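Protein chains: 2
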Amino acid sequence: MSLDFLFNPKSVILIGAAHTEIKLGGVVLQNLLNYGRPVYPVNPKYDELMGIKAYRTIQDIQSPADLAIIMRPAVEVPTILNELEGKVKGAIVVSSGFAEVGESGLQDEVKKTGARLGMRLLGPNCMGVFNPIRKFDTLFIARERMKRPRKGNVAILSQSGAIMVSLFEAIKASNTGISKAVGYGNAIDIDESDLFEYLVEDRETDVVVSYVESLGDGRKFIDKARALSESKSLIVLKSGKGASSSAAAFSHTGRLAGKYEVFASVLKQFGIREAQDFDELMDASKALSYQRPVKPNSGRKTANRVCIITNGGGSGVLAADECMRHGLEVVRVPQNKLTTLKGVFPNFYVLNNPVDLTAQVKDDDYLTVLNELKDEYDGFVIIALPNIPGITQKLAELLKGFREKFNKPLVSHIPSDGISGRIIALLEKARIPVYPSPERAVKGLKALLS
Amino acid sequence: MSLDFLFNPKSVILIGAAHTEIKLGGVVLQNLLNYGRPVYPVNPKYDELMGIKAYRTIQDIQSPADLAIIMRPAVEVPTILNELEGKVKGAIVVSSGFAEVGESGLQDEVKKTGARLGMRLLGPNCMGVFNPIRKFDTLFIARERMKRPRKGNVAILSQSGAIMVSLFEAIKASNTGISKAVGYGNAIDIDESDLFEYLVEDRETDVVVSYVESLGDGRKFIDKARALSESKSLIVLKSGKGASSSAAAFSHTGRLAGKYEVFASVLKQFGIREAQDFDELMDASKALSYQRPVKPNSGRKTANRVCIITNGGGSGVLAADECMRHGLEVVRVPQNKLTTLKGVFPNFYVLNNPVDLTAQVKDDDYLTVLNELKDEYDGFVIIALPNIPGITQKLAELLKGFREKFNKPLVSHIPSDGISGRIIALLEKARIPVYPSPERAVKGLKALLS
Chain A
0 MSLDFLFNPK
10 SVILIGAAHT
20 EIKLGGVVLQ
30 NLLNYGRPVY
40 PVNPKYDELM
50 GIKAYRTIQD
60 IQSPADLAII
70 MRPAVEVPTI
80 LNELEGKVKG
90 AIVVSSGFAE
100 VGESGLQDEV
110 KKTGARLGMR
120 LLGPNCMGVF
130 NPIRKFDTLF
140 IARERMKRPR
150 KGNVAILSQS
160 GAIMVSLFEA
170 IKASNTGISK
180 AVGYGNAIDI
190 DESDLFEYLV
200 EDRETDVVVS
210 YVESLGDGRK
220 FIDKARALSE
230 SKSLIVLKSG
240 KGASSSAAAF
250 SHTGRLAGKY
260 EVFASVLKQF
270 GIREAQDFDE
280 LMDASKALSY
290 QRPVKPNSGR
300 KTANRVCIIT
310 NGGGSGVLAA
320 DECMRHGLEV
330 VRVPQNKLTT
340 LKGVFPNFYV
350 LNNPVDLTAQ
360 VKDDDYLTVL
370 NELKDEYDGF
380 VIIALPNIPG
390 ITQKLAELLK
400 GFREKFNKPL
410 VSHIPSDGIS
420 GRIIALLEKA
430 RIPVYPSPER
440 AVKGLKALLS
Chain B
0 MSLDFLFNPK
10 SVILIGAAHT
20 EIKLGGVVLQ
30 NLLNYGRPVY
40 PVNPKYDELM
50 GIKAYRTIQD
60 IQSPADLAII
70 MRPAVEVPTI
80 LNELEGKVKG
90 AIVVSSGFAE
100 VGESGLQDEV
110 KKTGARLGMR
120 LLGPNCMGVF
130 NPIRKFDTLF
140 IARERMKRPR
150 KGNVAILSQS
160 GAIMVSLFEA
170 IKASNTGISK
180 AVGYGNAIDI
190 DESDLFEYLV
200 EDRETDVVVS
210 YVESLGDGRK
220 FIDKARALSE
230 SKSLIVLKSG
240 KGASSSAAAF
250 SHTGRLAGKY
260 EVFASVLKQF
270 GIREAQDFDE
280 LMDASKALSY
290 QRPVKPNSGR
300 KTANRVCIIT
310 NGGGSGVLAA
320 DECMRHGLEV
330 VRVPQNKLTT
340 LKGVFPNFYV
350 LNNPVDLTAQ
360 VKDDDYLTVL
370 NELKDEYDGF
380 VIIALPNIPG
390 ITQKLAELLK
400 GFREKFNKPL
410 VSHIPSDGIS
420 GRIIALLEKA
430 RIPVYPSPER
440 AVKGLKALLS
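Protein sequences appear in the order of chains A and B.
The end of the first sequence is residue 449 by numbering that gives the first Met the number 0, with every number in the run present.
The end of the second sequence is residue 449 by numbering that gives the first Met the number 0, with every number in the run present.
Incorrect hints may have been included.
[Said to hold, decoys possible] With a straight-line cut-off of 27 Å between C-alpha atoms, the simulated DSS-like cross-links for lysine-lysine are:
#1 A/K341 / B/K52
#2 A/K393 / B/K22
#3 B/K393 / A/K22
#4 B/K22 / A/K361
#5 B/K146 / B/K111
#6 A/K393 / B/K393
#7 A/K361 / B/K361
#8 B/K146 / A/K22
#9 B/K393 / A/K146
#10 A/K22 / B/K22
#11 A/K341 / A/K110
#12 A/K150 / A/K86
#13 B/K150 / A/K171
#14 A/K146 / B/K361
[What the hints assert, rightly or not] From the derived model, a few chain B residues whose C-beta atoms are all more than 12 Å from chain A:
#15 P63
#16 K110
#17 K111
#18 G151
#19 Q158
#20 G160
#21 A161
#22 E168
#23 G176
#24 K237
#25 G239
#26 D276
#27 L280
#28 P333
#29 P385
The hints are simulated quantities; they were obtained by calculation from the structure and are not laboratory data.
Just so we're clear, the structure is a prediction, and the values are computed from it rather than from any experiment.
Backbone N, C-alpha and C fix where the C-beta goes; we use that ideal spot for every residue, glycine too.
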């Protein structure tokens, strides 16, 4: 069964709807009011909620619906599912109080009930769905408390609602946007693998960010992740890596975290990108959202040759250190190219890799180096400390032109301050991602090379 | 000889002063005009520069001075030093074009000349000195292009001018401030070790941030770093870790980077803090600038027991993963404490470590946990996702009160968005550092535990 009903339901039943946004059931109802399709709120005390017809019981709803959202205490969920029989394709069980607090028996009952009724389940203990393209939003956080990210090409799949919220904030700060987002919690039925499978065909998604705490079926995960990686850029962040944190992950969603080292080595074996922490996840997804990753050329096995062009020596060295940590090679500039560059630049420019154009740099120098070295490297890190007269908005124009002409992976580090704001905005508009440290720029570039 | 003349000279000679801020010698002159003590600009073409008396030659200056700043081409530097004989205690050689571009012979000549004349040298190829407490500023970056950080308790020692500038930006973003900053470049005479020694007695400095690319005398470095660590919080970031990046570091300052692994193991052996990258350096220095590190209590060897209190499960798990990477132990909550907490909290709160107060949290819950567990742990990570109704400004007041009363290491992760701005500001005013990701909060806490 396609998961379309989850992202774009023809109609929605909200069980546990409330009349006020002080209650979570009211927040969700408010968010659903923007959805252009029928919403049937259920609450035994009301005939009308927030200006639309409400239903005292599920039985009172005569129209068939696609999806139910359940926001009632955990113990009521099995009964509610039975009442939904034949009315919906699936349900989002927002309620918590299941395996994550030791109530595994209740969780099993919910799982079995869903299976018996042929009803797909998201959750329980989950955040639900956000689809900005369809304006479908089941999150129990008011818009005033969390501005939603804009539309974009990044899909977010998060086992944790908290991380989904944090990812939203980071997405906004990255000048990227969301195609679809799902917080799937305890994953008793629909899990990351099902969502990977669904997203293979999703034309609105280029990048898939997957935050996983624990895996149900490891083999299925790998199969679906590999299939997805063929058409989209997938990045996985696995948490619960150690004994104590894996216990925490278990508590959080009630699934076993498994042995991390095994998981990581399998990901690596199949070429599936893994981020080590939250920042790396966002650094990679920003780059992948802006640019397409490249394959190695001229018979080499990997595209991993990086050139760093900087106007600050130290920043270049930090970037080179980070390259080393990621298996990226900061190979020397070929002798003939070096000779050419020496002919056009002052003698105090340091023409190695990193190419250090020093505080005396002019905007055009970056383009001179890029043009000369474009065929020698797989990707470039541009570091521009904007506190000196030679760095102006023109740099953004030059890099934009280069990027459009040659389509080479190109990321940038520019420290954020008053003067750099405009340059950063121009670069990011030109789909050149800018990062707040040399190391983070390299993490971004790494995602584009394979 | 004390290095006071470098940070607080009685008077300054500026060789290579210019009449306009388009030239670097003009920028430095402009910055020196704010210094309340005599400045003698030297330029063969002017009798007056920027409203003060200028000198055609060094010989024309009759008054003795403390310090010279040299901003003339590299080849002129030996002659200039000879002309300064007997006039100054030392000189900042800003000029580049020495060992970093292969001119080691010229660099040696400068070194020998300084030694023969008994003149201490900073540089060459360096940024110079910034001392906000004395308003002494030799940086060749105009204030309009780089707003200076405010006064504070962090000293910055950077071999790289670029990194010094980036550190300034990061210091401003951290709501911390600078006691003294030195960019010392090729370090032919005054190096990080000399500066460590000087800072031992500096009452304005609590934290020393040391960015090092290459070491002259490794033993001296370790001796002085150990001595400094007894009274101040020292954090070292060593770049040039690998073959290619260490070649880059050599190009950059003309000193050999040495074998990184040896350096790192010696630092560890002597308990000197090392940061792995720029962000970690800043995360640690922010925490150390806000709070004093603690020693282990009750006969334990290390203070490494961490409690994570969160309202988002996933964020807690990521923090726990990061603790594991740093050798911090996320030990379980003792059974008797667990029983107490279970008695006061709803059953869907997940009472492990991390303590997950869920999206239903109220501000007071954090304080309840802190009060109950304060003697069980060495430090606390507070994670508050502010998008839910239960998190308000009151949280900042409660944490402030706890921190003032118990003086326990306490760091926080709050994603930055519209609603959280006020809470973050209040917390940082109360000297509780707030970080943009769970992992970075842990990096901050790590610096406070030893």
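Verification of the hints:
1. Only pairs whose Cα atoms come within 27 Å are accepted, and A/K341 paired with B/K52 is rejected, the gap being roughly 41 Å.
2. Taken as a hint, the A/K393 and B/K22 pair is honoured in the structure, with Cα atoms around 21 Å apart against an allowance of 27 Å.
3. Restraint check for B/K393 and A/K22: satisfied, since their Cα atoms lie roughly 20 Å apart, inside the 27 Å limit.
4. This hinted pair checks out: B/K22 and A/K361 have alpha carbons roughly 14 Å apart, not beyond 27 Å.
5. Taking the CA atoms of B/K146 and B/K111, the gap is about 37 Å. The hint is violated against a cut of 27 Å.
6. Among the hinted pairs, A/K393 with B/K393 is inconsistent with the structure: their alpha-carbon atoms are about 47 Å apart, more than 27 Å.
7. Simply put, A/K361 and B/K361 have alpha-carbon atoms about 54 Å apart, too far for the 27 Å limit, and the pair is violated.
8. Distance check on the hinted pair: B/K146 and A/K22 sit about 46 Å apart at the alpha-carbon level, beyond 27 Å; violated.
9. As the CA atoms of B/K393 and A/K146 are separated by approximately 22 Å, the hinted pair is consistent with the 27 Å bound.
10. Restraint check for A/K22 and B/K22: not satisfied, since their Cα atoms lie roughly 63 Å apart, outside the 27 Å limit.
11. With a C-alpha separation of about 69 Å, the suggested pairing of A/K341 with A/K110 is violated against the 27 Å cut-off.
12. The suggested pairing of A/K150 with A/K86 is violated, with an alpha-carbon distance near 31 Å, which exceeds 27 Å.
13. Among the hinted pairs, B/K150 with A/K171 is inconsistent with the structure: their alpha-carbon atoms are about 33 Å apart, more than 27 Å.
14. Annotation: proposed proximity of A/K146 to B/K361 holds, straight-line Cα distance about 22 Å (limit 27 Å).
15. Even its closest Cβ contact with chain A, about 32 Å, leaves B/P63 beyond 12 Å, as expected for a residue assigned away from the interface.
16. With a minimum CB-CB distance of about 19 Å to chain A, B/K110 clears the 12 Å threshold, and the non-interface call stands.
17. For B/K111, the condition that its CB be more than 12 Å from all CB atoms of chain A holds, with the nearest at approximately 22 Å.
18. Every CB of chain A is more than 12 Å from the CB of B/G151 (nearest about 18 Å), matching its label as outside the interface.
19. Non-interface call for B/Q158 relative to chain A: violated, since the shortest CB-CB distance, roughly 7 Å, does not exceed 12 Å.
20. Its beta-carbon lying about 7 Å from the closest one in chain A, B/G160 breaks the requirement of being farther than 12 Å from that chain.
21. Not every CB of chain A is more than 12 Å from the CB of B/A161 (nearest about 2 Å), against its label as outside the interface.
22. Separation of B/E168 from chain A is inadequate, the least Cβ-Cβ distance of about 4 Å not exceeding the 12 Å criterion.
23. With a least beta-carbon separation of about 16 Å from chain A, B/G176 lies farther than 12 Å from that chain, consistent with its non-interface assignment.
24. Not every beta carbon of chain A lies more than 12 Å from that of B/K237, the smallest distance being close to 9 Å; the non-interface claim is violated.
25. The claim that B/G239 lies off the interface is violated: its Cβ sits roughly 5 Å from the closest Cβ of chain A, which falls inside the 12 Å cut-off.
26. For B/D276, the shortest C-beta to C-beta distance to chain A comes to about 4 Å, within the 12 Å cut-off, and the non-interface label is violated.
27. Chain A draws B/L280 into its interface by the beta-carbon criterion, the shortest separation being 10 Å against a cut-off of 12 Å.
28. Here B/P333 stays apart from chain A, with its beta-carbon at least about 15 Å from theirs, past the 12 Å limit.
29. A beta-carbon of chain A comes within 12 Å of the beta-carbon of B/P385; the shortest separation is about 8 Å.
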